[in-house]
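Visitor: Produce the complete structure using the sequences and hints provided.
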Amino acid sequence: MPQVAESYFSLAPLAAVFVSLIAAVLISLSSRKPNLRETWTIVAALCKFAVVSSMLPAVLSGLRPEITLFDIAPGVSLALKADPLGLSFALSASLLWIFTSFYSIGYMRALKEHDQTRYFASFALCLSATMGIAFAANLMTFFIFYEVLTISTYPLVIHKESPAAISAGRKYLAFLLSGGVALLLAVGLTQRVAGTLNFTPGGFLSVSMGQAGLLALFSLFLVGVGAKSGLMPLHSWLPTAMIAPTPVSALLHAVAVVKAGVFGFARVMGFVFGPELAGEIGATTLTAVIAGATIVIASLLAMAQDNLKRRLAYSTVGHLSYIILGTVLLAPAGWLGGLFHITTHAAMKITLFFCAGAIYVKTGRENVSELDGIGRQMPITMAAFTVGALGLAGLPPVGGFLSKWFLAQGTVETGQPILLAVLLLSGLLNAGYLFPIVIRAFFKSSKDFTKFDEAAPLMVVPLLFTAAFSVLLGIYPDGIFHFYSLSAEAALGVVARGAP
Amino acid sequence: MSALAGNYTYYITAFLLAIGLYGMIGKKNLLKKLIGMNIFQTAIFLFFIHGAVKPGTTVPVLDSRIGMDAAAYINPLPHVLILTAIVVSVATTGVALALLITIYRRYGSLEETTILERMKQSS
Amino acid sequence: MSHLPVLIPITLLLSAFLIPLAGYVKRDFAFAIASVGAFLAFAFSLRGLLMVLSQGEIRYHLGGWAPPIGIEYVLDALSAFMAAVVTLIGLVVLIYSRRSVLHEVPQRVVPLYALAMLLLAGLVGIIVTGDLFNLFVFLEISSLSAYALMAIGDDRAPVASFRYLILGSIAGSFYVLGVGFLYFSTGSLNMADVAQRLPALYQSRAVAAAAIFIFIALGLKMALFPLHLWLPDVYTYAPSAVTALIAPIMTKVSAYALIRMLLTVFQPHYLRDMLPVTSVIAWLGAAGILYGSIMAIAQSDFRRMLAYSSVSQIGYIGLGIGLANPLGLIGALLHILNHAFMKACLFLVAGSIRFRTGRWEVSSFAGLGRKMPWTMAAFTVAALSMVGIPPAAGFFSKWYLLLGGIDRGNWFFVATILLSSLLAAVYFFRVLEQVYAGRSEESAFKNVSDPPASMLFPTIILGAGVLVLGLLNSIIVSRILELVVAPLNEPRG
Amino acid sequence: MRERLENSVVEGLSRFLVPFIQIFALYVITHGHYGPGGGFQGGVILAASMMLLRLSLGEEYEHRRFSPTAASFVAAVGILIYAFAGLVPMMFGGRFLDYGYLPIPGLSPAELRYHGILIVESGVGLVVWGTLVTLFDHLLGREG
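Residue numbers (our numbering), protein chains in the order written: chain A, 17 to 516; chain B, 7 to 129; chain C, 18 to 510; chain D, 5 to 148.
Do not take every clue at face value.
Said to hold, decoys possible - Quick partial rundown of chain C residues pointing at chain D, CB under 8 Å, derived from the structure:
id : residue
1  : 37
2  : 73
3  : 77
4  : 83
As the list claims (entries may be wrong) - Okay, derived cross-link-like pairs now, DSSO-like style, lysine-lysine, Cα gap no bigger than 30 Å in a straight line:
id : chain 1 : residue 1 : chain 2 : residue 2
5  : B       : 126       : B       : 60
6  : A       : 467       : A       : 378
7  : A       : 128       : C       : 43
8  : A       : 49        : C       : 43
9  : C       : 388       : A       : 49
10 : C       : 388       : C       : 463
11 : A       : 176       : A       : 460
12 : A       : 128       : A       : 49
13 : A       : 460       : A       : 378
14 : A       : 49        : A       : 187
15 : A       : 463       : A       : 128
16 : C       : 463       : A       : 176
17 : B       : 126       : B       : 33
18 : C       : 388       : A       : 176
19 : A       : 460       : C       : 388
20 : C       : 43        : A       : 187
As the list claims (entries may be wrong) - Far from chain B, by Cβ distances over 10 Å, these chain D residues were calculated:
id : residue
21 : 10
22 : 31
23 : 56
24 : 91
25 : 96
26 : 98
27 : 107
28 : 114
29 : 115
30 : 139
Bear in mind the hints are in silico, worked out from the structure with no lab data behind them.
A virtual CB, placed ideally from N, CA and C, is assigned to each residue, including glycine.
Guide: Written as structure tokens, this is what we have:
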């Protein structure tokens, strides 16, 4: 049992949030000098990653850097605290932001996109909101950054300013604001029912507050957070938001925004209700059914999509429910698998989106049917794509295998054969919609892809880094950034009601 | 009839209020609305004056014959209040008349229906 | 014996009287005196607020006549807070109005500023007075100057102003009638004195009639839902500087008077338990929220849309008052402050757009995001706050109202509050889409840019104020508003 | 209405009546504080006499004697008299509008209140007089 963690005052979490906030201001001010503007993004990404990783040793040794700013409402304060769960999410988001910044510079310049200042500024704003979500110490702070993230992603979704983009923006807002409203009601009810909003591992609600009421409260949370984490009925905004530029889909719709939803779900399940209480009031079965259905249906839908990005979007919807599935299993292994999948899925999915972007920039092609023989022209990109595809299907060398392995172990320990079947079936389905692309790229020939012609290095290098990172997660999971031990400690903290 | 004897003015006030309210809302001509407003306000003055009356008393101006006995004079406060209310009513009517003149100069009529038509045409 | 309570209205009245004289000498003196007067009034009310927070309420009776005979002015937590809000918004809008008034109604500058100061004096008088009839006098002063101010606008303004005059004088007369009933049953006009004498008379029908008349009158002046008919036309056709001055504060002062009646005159126990007045207000408020938002969605004219959104935001305040529990009322009071800032900022943006492009239709806002960046940035912050996105101020008043609604256990109110933020999102994001992602075909806006500094700076201050208010709202709530809602915590006995 | 009314009877009568009306108006103003009347009523009578002249002797002639700008100037001065009658006691230790503290030497507080009302009544008289004449000029005047 790790000793009870005590928190100590540290400015680091606040710094993590403020770094990209200041960068957003600097970016919008230096709109006339593109090179200076780009350096702000990269500098901010590096500083943020440095700040976040500076907290790593402390958190691993059981300490919790914390800062309480001021009372945002009587009895509720704006407080940030870095615990293993928050840190692993922040670490993966900030690490991938570095790659995404390089990638998006290459992407935006290759396509000579308009309004790049607004693009980079809102990107930085989104990242500061993501950090806020990761380090939120209570439901109110979480909700504030949650809504800021919704709003700061909106300009990116409507970046093209075409009628299609605007209607995608409307759909995006309709879903996420309604989710936000449901979450607001849930937070309000929790404040009145429990009197406090602070996250405590193992949950602070108790069954004495009425079984039916708690289930209703849980379903409100489910709707509120589910909208962002793409649970089946509330997922349809994600494919339409693919109209945004690819780096946006890569980082936000695969890593930051949707992961914020799932991260929120983990917070609610583990730190508001607590797994045991959730089990008692029947919340776990409710979620398991929805998540299981989402995985299977999303994977089936993914197969039917010809557009590459829409296919990846549906695959994201499916994989998010893996993480939700993890939080539903009462075994530490289940939680470990779910939490670890946050990082592995982020790495793999961002690689696939980067490949999709590179293909689009280089050949202007978006649909899977037009990708015959692309492997000859862009072998490196397609190699990285293959790595990502292997990982998503859950095959050994890549990280995806490990998280699926722990999830499967979790289902076995808690004795839920149906979920095990769902996991295995979805592995096959993933292979079903990803491998044809790989086969089409390498084994089919076509006349227009003959000579070697890769995208710009600014795009291909980040591509390789993320692929390598996914493989690193697979082979040596507790590698440089100890993602494995972070997830393990978070899982133990929640399930065994031990250290926060 | 005894109920009516003591407070017939309240019935008249209520009646005048009804007329005034009808005038303001029912009538289409703006000037008639203004007249309705004045009737409405006069009804309220009547209500206050009636409240101040004590049977068998005189005007609240100090009179050596009656002396300082307050019961001999009627209650002066409602009268003072109504003096201010009258000033307010006159001022409101003054502003309303000024508005009506500008409306008449611009639209050539005080009938609400024709004004609304001319407004639609001009917009 | 501090003169503060009376100094606030006097400085405004005095500058209102000096302006016509100075206006003859030189037209620009009018603006100078107006802003000095508004600034002094704000300084006094701020000082009053600080003194009230440290030493408790300040009572001041006029002309040496001690209450309950004399007219008494009271500065307590509620009135000092309101006075500070009204004078601050008045000051900021006045600074903004200089260029906008010169642009729109150049030949009416001197009377406009004299009337504006009279309006502010009337509103601050309502806030500060502790005498029921004196409140009527100030109510009429502010209404009369508002009728005249609104009539200065374009051709349709006099018609709208006349309709408001008729409805306003109905409200004024109902209020006097209500005060008459109260006076004839309790024998006193001083609010504190009436409050002591009322409990014995709770059974009498006259007191019930008084309560109903007064609440109808204040409901009408506050433009609470069914009685809001005058508001849209007036806000649309008055000059933009006048609307920016009237929209944020005038209806709020009537809401303040409603709260004063609820808390001080008729004890909450009477209005909540014996007469269903508060629940009627709550239901009207909730209906107003939905009606206002839906009507706002249907508008194409930007000012009309803001006018209907005002109706729905006043519905929030009505709902907060109607809930009559501590959290609900805190929500209402905080929303008075937040909405004053948000609505002032929105109307200043509307005025700046008119100043630059002279157009009102939302469809003509295409491409303004690039041409008027700072104005549109302030607009975005205010719009997001109206939709209720944290950390802007609008979210927190919704938060308290939500908690109040949950405390009351009325799920329709809770649903209305939440649904309305979605409705508000519809009509505000439609404008944001047009501004930032709209295609501007006609070249009419070639030389459009941000308005001059004297107009831009107040807009930015209000926009930033909305954010700062959001972050600091718990200081305002715990230091000021909690004192105000203390009487609500008494047991229902 | 605006030109001179070429009718000797009306002109003669109004020339004869106006002085008496104005003296009566002053009487009403000064005796307002303990008898019926007062600043408001006196001011109205004063303004009525001005209107009678404007109606009977025509606008141009009257405007030279009492022009509209003079009317609003009088109104402004009147209201300032009233305001300062309220403010001055504040400077001498009293409350707003507390005439007992007016710095007029040789008068007891009771007498001061007595005369204080007179100052206020004369201020109000001027205001009403100026305002009503301005109102009359604008309502019937040429400019919109």
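Visitor: Are the hints correct? Go through all of them and say.
Guide: Structure-based check of all given hints:
1. 37: holds, 5 Å
2. 73: violated, 20 Å
3. 77: The hint holds - residue 77/C has a Cβ within 8 Å of chain D, the shortest such distance being about 7 Å.
4. 83: Where the cut-off is 8 Å and the nearest Cβ of chain D is about 10 Å from residue 83/C, the hint is violated.
5. 126/B with 60/B: Violated. Residue 126/B to residue 60/B sits at ~56 Å, over the 30 Å cutoff.
6. 467/A with 378/A: holds, 13 Å
7. 128/A with 43/C: violated, 56 Å
8. 49/A with 43/C: violated, 48 Å
9. 388/C with 49/A: holds, 19 Å
10. 388/C with 463/C: holds, 9 Å
11. 176/A with 460/A: violated, 34 Å
12. 128/A with 49/A: Answer holds: residue 128/A to residue 49/A is near 15 Å, not above 30 Å.
13. 460/A with 378/A: holds, 19 Å
14. 49/A with 187/A: The hint is violated at about 34 Å.
15. 463/A with 128/A: holds, 28 Å
16. 463/C with 176/A: Between residue 463/C and residue 176/A the Cα gap is close to 23 Å, so the pair holds against 30 Å.
17. 126/B with 33/B: holds, 21 Å
18. 388/C with 176/A: holds, 19 Å
19. 460/A with 388/C: It is violated: about 52 Å lies between the C-alpha atoms, which goes past 30 Å.
20. 43/C with 187/A: violated, 57 Å
21. 10: holds, 28 Å
22. 31: About 16 Å separates residue 31/D from the closest Cβ of chain B, which puts it past 10 Å; holds.
23. 56: Check passes; 19 Å lies beyond 10 Å.
24. 91: holds, 21 Å
25. 96: holds, 27 Å
26. 98: holds, 22 Å
27. 107: The claim stands: residue 107/D keeps its Cβ more than 10 Å from every Cβ of chain B (closest is about 28 Å).
28. 114: holds, 14 Å
29. 115: holds, 17 Å
30. 139: Its Cβ does come within 10 Å of chain B, the nearest being 6 Å, so this is violated.
The structure is inconsistent with the numbered hints 2, 4, 5, 7, 8, 11, 14, 19, 20, 30, although it conforms to all the rest.
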